[in-house]
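Asks: Protein chains in written order, with this note's numbering: chain A, 1 to 187; chain B, 1001 to 1368; chain C, 2001 to 2255.
Rather than coming from a laboratory, the hints here were simulated on the basis of the structure.
In this text, all values refer to a predicted model and were calculated from it rather than measured experimentally.
A portion of the hints provided could be inaccurate.
[Claimed, not checked] Lysine-lysine pairs mimicking DSBU-like chemistry, simulated, CA-CA at most 35 Å apart: (1) C/K2200 x B/K1225; (2) B/K1249 x B/K1198; (3) B/K1199 x C/K2014; (4) A/K86 x B/K1307; (5) B/K1330 x B/K1129; (6) B/K1199 x B/K1229; (7) A/K125 x A/K65; (8) B/K1229 x B/K1198; (9) B/K1282 x A/K65; (10) A/K65 x B/K1296; (11) B/K1279 x A/K153; (12) C/K2200 x B/K1198; (13) B/K1307 x B/K1232; (14) B/K1129 x B/K1296; (15) B/K1129 x B/K1225; (16) A/K137 x A/K152; (17) B/K1047 x A/K65; (18) C/K2016 x B/K1198; (19) A/K65 x A/K152; (20) A/K139 x B/K1282; (21) C/K2225 x B/K1307; (22) B/K1129 x B/K1356; (23) B/K1047 x C/K2200; (24) B/K1229 x C/K2014; (25) A/K86 x B/K1356; (26) B/K1005 x A/K108; (27) A/K80 x B/K1225; (28) B/K1047 x A/K137; (29) A/K152 x A/K125.
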Amino acid sequence: MTEEIIIAGFGGQGVLSMGKILAYSGIMQDQEVSWMPSYGPEMRGGTANVTVILSDDRISSPYLKVFDTAIILNQQSMDKFEESVKPGGILIYDPNGISHHPTRTDIKIFKIEGTKLASEMGNKKIFNMVILGGFLKVKPIVKLENVIEGLKKSLSERYHHLIPLNKDAITMGMNRVTPYKIEAKAY
Amino acid sequence: MSELKLMKGNEALAEAAIRAGVDAYFGYPITPQSEVIEYLMTERPEKRTGMIVLQAESEIAAINMVYGAASTGKRAMTSSSSPGISLKLEGISYLAGAELPAVIVNVVRGGPGLGTIQPSQADYFQSVKGGGHGDYKLYVLAPASVQEMADFVEDAFDIAFKYRAPVLILSDGLIGQMMEKVMLKDQKERMTNEAIIKKYGDWATTGKTDRERNIITSLYLQPEKMEAKVRKLMKKYEQMENEDLRFEKINCEDADYLIVAYGSSARIAQKTVELAREKGIKVGLLRPITLFPFPKQQLLDLSNQVKGILSVELNAGQMVEDVKLAVEHKVPVEHFGRTGGIIHTPEEILEALEEKIIKNEHARHHKI
Amino acid sequence: MLDIIKSENQVFCKTKLMTDTPLSYCPGCGHGTAHNITMEVIEEMGIVEDTIGVAPVGCSVLAYDFMDIDMTQAAHGRAPAVATAIARTWPEKYVFTYQGDGDLAAIGTAETIHACNRGENIVIIFVNNGIYGMTGGQMAPTTLEGMHSSTSPYGRDIETMGSPLKITELVANLPGVYYVARHAVHTHKHARKAKKAIRKAFENTRLNKGVSFVEIVSNCNSGWKMNPIESNEWMVENMFAYFPLGDIKVNGKLK
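Between the sequences and the hints, there should be enough to build the whole structure, so can you do that?
Replies: Shown next, in the form of structure tokens:
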């Protein structure tokens, strides 16, 4: 099994840390993993993205053009990465701030109201865990218990008391992800 | 204890340096390698092993600090990125001239000039063709994974001390910034001062005892002595070629076409090999792990088997010259690479292979 | 053989830490004396096994040919960085640099200032003769106003070439610097004083006090195009006026 994922959004949305937790989860189940970020000043307030690969075999390229799954969290990333999903692949996005919704019909598209759900839960910082939950519902490539182990590894110990909250956020995401139907174009 | 971790290439290299029992690191921040010194400063290696970590006033000072520590038999290293390495070149030439063991790490970014902070392999020429002044070479290791970023630190010091010569680890922003899982080795003890004096007492400047004084210098005003020195260095490089060449062959046994790529490009090109084989094109990959010594004979041997070679590098065409020299015009050799910090995709490389090598090869056959 | 050459008649000999290699310095140059008093201090303190010297680029690049101690020759101006690393990795050793004005105060200014500012536990011996001797008499950062050199053939013009740099006073102001003195070696009296200062500097290393910086104002009769006696007279009259001798900072306090 190899899963090639791009997570893309704004800097500050927790894009990179979400990728890191996913990568750690892969390690917890003895997989090969790679985490390749965009880096540099463009991250400060601009767009941030990370390519995460989990595989049972040695990973060749950590840098890819096409992906099994794209997790898209802002309009710029939608514009850039919708076309990068392999035919038959998956696109998951948060509609918050999206004006041009995805239009491809050869991929499966899911919607998750991460921004809304996180603020409903009273903590905007768990936004990325809600999104991660949504992804794991659609593609259960790592077990929840391994995600929790991954969280423990990637968070410093003084934040371990926040793990139950993160778990709740993942569960929330799992319960609230929905398939997105493309509206027929009006001619 | 050995330990499995998810780390950035830069962090893995820093942690491996502590674990390898390195005595001193001297550096200066520059993107995309600042994590090395940041990690070292955070880890308090002076407490863990007694390793000295110092942020120098410049790259120039840092490399000369390495020179100072190395002259006394200590295991010393520095790291930087392209513009910083340019500043270090004088010191690197002195290290080679004075025959000092040291490790230099270049996490390459695009250039020339201040360039870009994005990944690049445009420092190939600088790394393998001298870079600094004078007749010298560097032993150059090119890691292609986070694991190799860690493993090559100790390997580099082994070579540096085997030959009393500076060794370069030539990485880039991609390998430095990406995270992969890495198995970290057990902590090695640093050598005691007594052990250093005993082992390297015949050359290191550790204080004159009842022996003759030790002098570390690269100055030879008499031409005959200077020439003898250069000959001695050349002999060393010849020995490196005979004993310490490293490379990896992937899917070469039945290959009709060959990609030559190192470091990050080798990782990306490996995916190209997979994509090509899915299409029924038999492509192999030769990855030089050492850029000097260069796998010349292996390339020459493969040139009897394959119909064409594509040298894939994140630059405007540098290693391709060495590939051409190695295969002696037996098969067509072309270059493909993106520059400016743009990373070529596996698909792009495959397109280039089809366009520059396979198509031309068919055209040649039609002519016949 | 003269009858007088008998060991019981010997009243002076050079320190055994000076080799028998003939000095490459011009007759009349102060470097030989500066070398000799430095080696005498190391011999008298009994610290040769624990001393590592760093040679510069310039006239004294070959200091290691004359000083019978372990020495590392540094790239131009980088001796304080080289010494920093040696002192840091061998904290129990005595580490000193021996540098000229071009090396220390021009190309190596950054290394000088920062090693001093970090308070590295080293001794810096700075020989200032106001000219580049090795390369044939070009202008140095310490060349005096109006002084002729091959790159200031009409005299140093302050307007276009800047003022002679008092780097010694400059580094004395840094907290990492514990001891700063300026001396000369053109007479026995001066050489004795200079030796005392160098001794004090090495004692400071023993006490882990940080940087001790001893400037020796010297002549360069070849570069200045004078005979040795004239050059010493010129030095006393002109160099000492701009670079006055004496203690500048003692026990961490400015004088």
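Asks: Indicate, hint by hint, whether the structure satisfies it.
Replies: Quick rundown of the hints versus the structure:
Using a Cα cut-off of 35 Å, the hinted pair C/K2200 and B/K1225 is violated, with the two alpha carbons roughly 39 Å apart. Between B/K1249 and B/K1198 the CA atoms are separated by roughly 41 Å; this puts the pair beyond 35 Å, and the hint is violated. For the hint pairing B/K1199 with C/K2014, the CA-to-CA distance comes to about 33 Å; that is within 35 Å, so the pair holds. A hinted pair counts as satisfied when its Cα atoms are at most 35 Å apart, and A/K86 with B/K1307 qualifies at roughly 32 Å.
Straight-line distance between C-alpha atoms of B/K1330 and B/K1129 comes to about 24 Å, which keeps the hinted pair within the 35 Å bound. A hinted pair counts as satisfied when its Cα atoms are at most 35 Å apart, and B/K1199 with B/K1229 qualifies at roughly 23 Å. The suggested pairing of A/K125 with A/K65 holds, with an alpha-carbon distance near 29 Å, which does not exceed 35 Å. Under the criterion of a C-alpha separation no larger than 35 Å, the hint pairing B/K1229 with B/K1198 is consistent with the structure, at around 25 Å.
Of the supplied pair hints, the one linking B/K1282 and A/K65 holds, its CA atoms being roughly 22 Å apart against a limit of 35 Å. As the CA atoms of A/K65 and B/K1296 are separated by approximately 32 Å, the hinted pair is consistent with the 35 Å bound. Of the pairs offered as hints, the one joining B/K1279 and A/K153 is violated, with about 40 Å between alpha carbons and a cut-off of 35 Å exceeded. For the hint linking C/K2200 to B/K1198, the alpha-carbon distance of about 32 Å falls within 35 Å, and the restraint holds.
About 40 Å separates the Cα atoms of B/K1307 and B/K1232, which puts this hinted pair outside 35 Å; it is violated. Restraint check: the Cα-Cα separation between B/K1129 and B/K1296 comes to about 15 Å, which is no more than 35 Å; the hinted pair holds. Proximity of B/K1129 to B/K1225 is assessed by CA-CA distance (about 24 Å); at most 35 Å being required, the pair is judged to hold. In summary, the hint linking A/K137 to A/K152 is supported, as the alpha carbons are separated by about 21 Å, within the 35 Å threshold.
For the given pair, B/K1047 sits about 44 Å from A/K65 by alpha-carbon distance, which is inconsistent with the 35 Å threshold. At roughly 25 Å between alpha-carbon atoms, C/K2016 and B/K1198 fall within 35 Å of each other, so this suggested pair holds. Of the supplied pair hints, the one linking A/K65 and A/K152 holds, its CA atoms being roughly 31 Å apart against a limit of 35 Å. With a CA separation close to 33 Å, the supplied pair A/K139 and B/K1282 stays within the 35 Å bound.
About 71 Å separates the Cα atoms of C/K2225 and B/K1307, which puts this hinted pair outside 35 Å; it is violated. Distance hint between B/K1129 and B/K1356 is fulfilled; the C-alpha atoms sit about 27 Å from each other, no more than 35 Å. For the hint pairing B/K1047 with C/K2200, the CA-to-CA distance comes to about 32 Å; that is within 35 Å, so the pair holds. Pair hint B/K1229 plus C/K2014 holds up; C-alpha atoms about 33 Å apart against a cutoff of 35 Å.
In summary, the hint linking A/K86 to B/K1356 is supported, as the alpha carbons are separated by about 26 Å, within the 35 Å threshold. Proximity of B/K1005 to A/K108 is assessed by CA-CA distance (about 34 Å); at most 35 Å being required, the pair is judged to hold. Simply put, A/K80 and B/K1225 have alpha-carbon atoms about 62 Å apart, too far for the 35 Å limit, and the pair is violated. For the hint linking B/K1047 to A/K137, the alpha-carbon distance of about 46 Å lies beyond 35 Å, and the restraint is violated.
Pair hint A/K152 plus A/K125 holds up; C-alpha atoms about 17 Å apart against a cutoff of 35 Å.
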